[in-house]
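We have chain Y already, so just place chain C on it with the hints.
Each chain is listed here by its residues.
There are 2 protein chains.
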Amino acid sequence: MLTLPFYRPVLKGLEEVQERLRRLAQEVDDPRLAPLFAHPMEVPGKRVRPTLTLLAGRLTPFGQDKVSLMATAVELLHIATLVHDDTVDKAEVRRGRATLFKLFGPQVAVLVGDYLFATSAVLVCETGHLGVVKRFAETIMDLATGELQEHLSLGQWPQTREQYFQRIYRKTASLFRTAGEAGAVLCGAPEEWVAALREYGYALGMAFQIVDDILDVDGVGEEVGKPVGNDLKEGVLTLPAILLLERYPEDNPILPLLRGEEPEANLARALQMMRTSGVLQEAHGIAQGMLQRARAALAPLPPGECKECLLALADYVVERRR
Amino acid sequence: MLTLPFYRPVLKGLEEVQERLRRLAQEVDDPRLAPLFAHPMEVPGKRVRPTLTLLAGRLTPFGQDKVSLMATAVELLHIATLVHDDTVDKAEVRRGRATLFKLFGPQVAVLVGDYLFATSAVLVCETGHLGVVKRFAETIMDLATGELQEHLSLGQWPQTREQYFQRIYRKTASLFRTAGEAGAVLCGAPEEWVAALREYGYALGMAFQIVDDILDVDGVGEEVGKPVGNDLKEGVLTLPAILLLERYPEDNPILPLLRGEEPEANLARALQMMRTSGVLQEAHGIAQGMLQRARAALAPLPPGECKECLLALADYVVERRR
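Residue numbers (the numbering used here), protein chains in the order written: chain Y, 2 to 323; chain C, 2 to 323.
Only chain Y is shown next, with the shape it has when bound in the complex (with noise of 0.2 Å):
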């Protein structure tokens, strides 16, 4: 973990985020509660996120109590999400251990996911940016709707990769925005950085998950963590999904699995159709336009350290492998 070279610079940052974390959980005062708190920030993921808030605030020295703040407050609001998103999805397993909703049920995931939620606006209130605080808010409300366009969107076609890039903008992309720009604010950068930072944010969201609905159909299992093929088999149309569909609109066996003809045939079928027609290439060439997009944003920033590793972390985002 943490070993790529872009991490380099905040590697103390995140073990600051972590080491928060861990103490969040503990200051609970009914020892039933910190276990529940405990639990879902035990095994930490990329930390693509905090990463972000954190190179972005070193765009200048000033302000890192409250860049260290955000970025807790980031991953935090992303481990909340993912609590709810298991209890809708009934995930039983995440990052190789059972769920919160697995072991506890859903009761208490959704209390212990509000719970998260208010916790990391409360981080975000003390790095004292009220403007900061209500982007992290709005932010919020773009997470739930995304899922909630997502899950109304469920077995459904038509749907239009316009629809599809709302969708992800909202679940993913909008994080990654707000996690870029508040670095940059917290630590006091000029607006022309800042803007370039929401800029850089926002096509690196776009890229981040474009590239995780592909590697759902062409990952290997174990390194992406999850089953390969999980979107399709619940319906959730991700950008293959609709590449496919908009070239074979007639003979494609995405039609019969959303009608639950033959799941595990047709499942099948497709994730080969996906993997051969060459829809993975087209939809890796929409990711390489976000990276560019990505790239091309951060122009405005002086050339150094921060600037190399932001540019390293979008590379990273599209070549990764899991």
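Don't take every hint at face value.
Each pair may be met inside one copy or between any two copies, as identical chains are not told apart.
To be verified - Dumping the calculated EDC-like pairs for lysine to aspartate or glutamate here, alpha-carbon to alpha-carbon at most 20 Å:
#1 Lys13 <-> Glu306
#2 Lys135 <-> Glu28
#3 Lys234 <-> Asp219
#4 Lys103 <-> Asp90
#5 Lys135 <-> Glu265
#6 Lys47 <-> Glu263
#7 Lys91 <-> Asp232
No lab work stands behind these hints: they were computed from the structure.
Quick look at chain C alone, frame taken from chain Y:
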């Protein structure tokens, strides 16, 4: 609705709250979402919380736009908690009609609740008062903690009165406290009045929940809007049940009820025993104590309509039959 005298000075304010909530639900750009967001707001309840904020906000003539935003946020936060509580409790009916959970399932209800939580926080940000925003986010932590504590205590015996009071502070009185305090803060009231409203809100909220718990035993089903004896049936031990168990720790129908033995007969026996043993009077006495505390808290306020209405609101909360 709203014919009681203490509503009079805030009738226009409550109308504004309702109108703002209506508009919020319509502002979303995906037409599938508007009815989901509108549903929980369509049938207003007693609106005790926004009434408290609006009355507190009339301590001075200033900042009335901020007070109105806050009253809306307070009501919306309450609505968001109801959406999640109904989901956690699998409640099918609320205020006489089907819940979001019943109509659209737990997935939609979780995500709509998240959206409403976040929207209430955005509203508070629009007051421009960071201290109030932080208090609001902390209140959401309290509400989630209180509900979790109730959930983890289901069917558990022994429990102390102190545990009950701590739980209802978190799940109910914390929001009353914030509702009163924030109204006073946002109209620019002096610190002494703010402290008075904070203490008043706390005591009012405690009394409100104790009376709610008495009405669950003693109320007329139709008037209360939900079946009588519901708490005990679900395994929630509230003040009357705790008092009955303290008095009769051995020969008590609640004990076999908690073990699932002859649930209907033991529930009927327990309700009957609570009604005849004097524990309801004792619980009502404790609520009266909170009422006195609420009234006493208002001592520093100048005489006038605002104070009169707050006194009358407190009397109503304790004497109401639904």
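Going down the list of hints, with the structure as the test:
1. Lys13 <-> Glu306: within (16 Å within a copy, 58 Å between copies)
2. Lys135 <-> Glu28: between (26 Å within a copy, 17 Å between copies)
3. Lys234 <-> Asp219: within (14 Å within a copy, 50 Å between copies)
4. Lys103 <-> Asp90: Both. Shortest intra-copy (11 Å) and inter-copy (18 Å) distances satisfy the 20 Å Cα cut-off.
5. Lys135 <-> Glu265: neither (45 Å within a copy, 50 Å between copies)
6. Lys47 <-> Glu263: neither (36 Å within a copy, 52 Å between copies)
7. Lys91 <-> Asp232: within (13 Å within a copy, 27 Å between copies)
This entry does not satisfy hints 5 and 6, going by the numbered hints stated previously.
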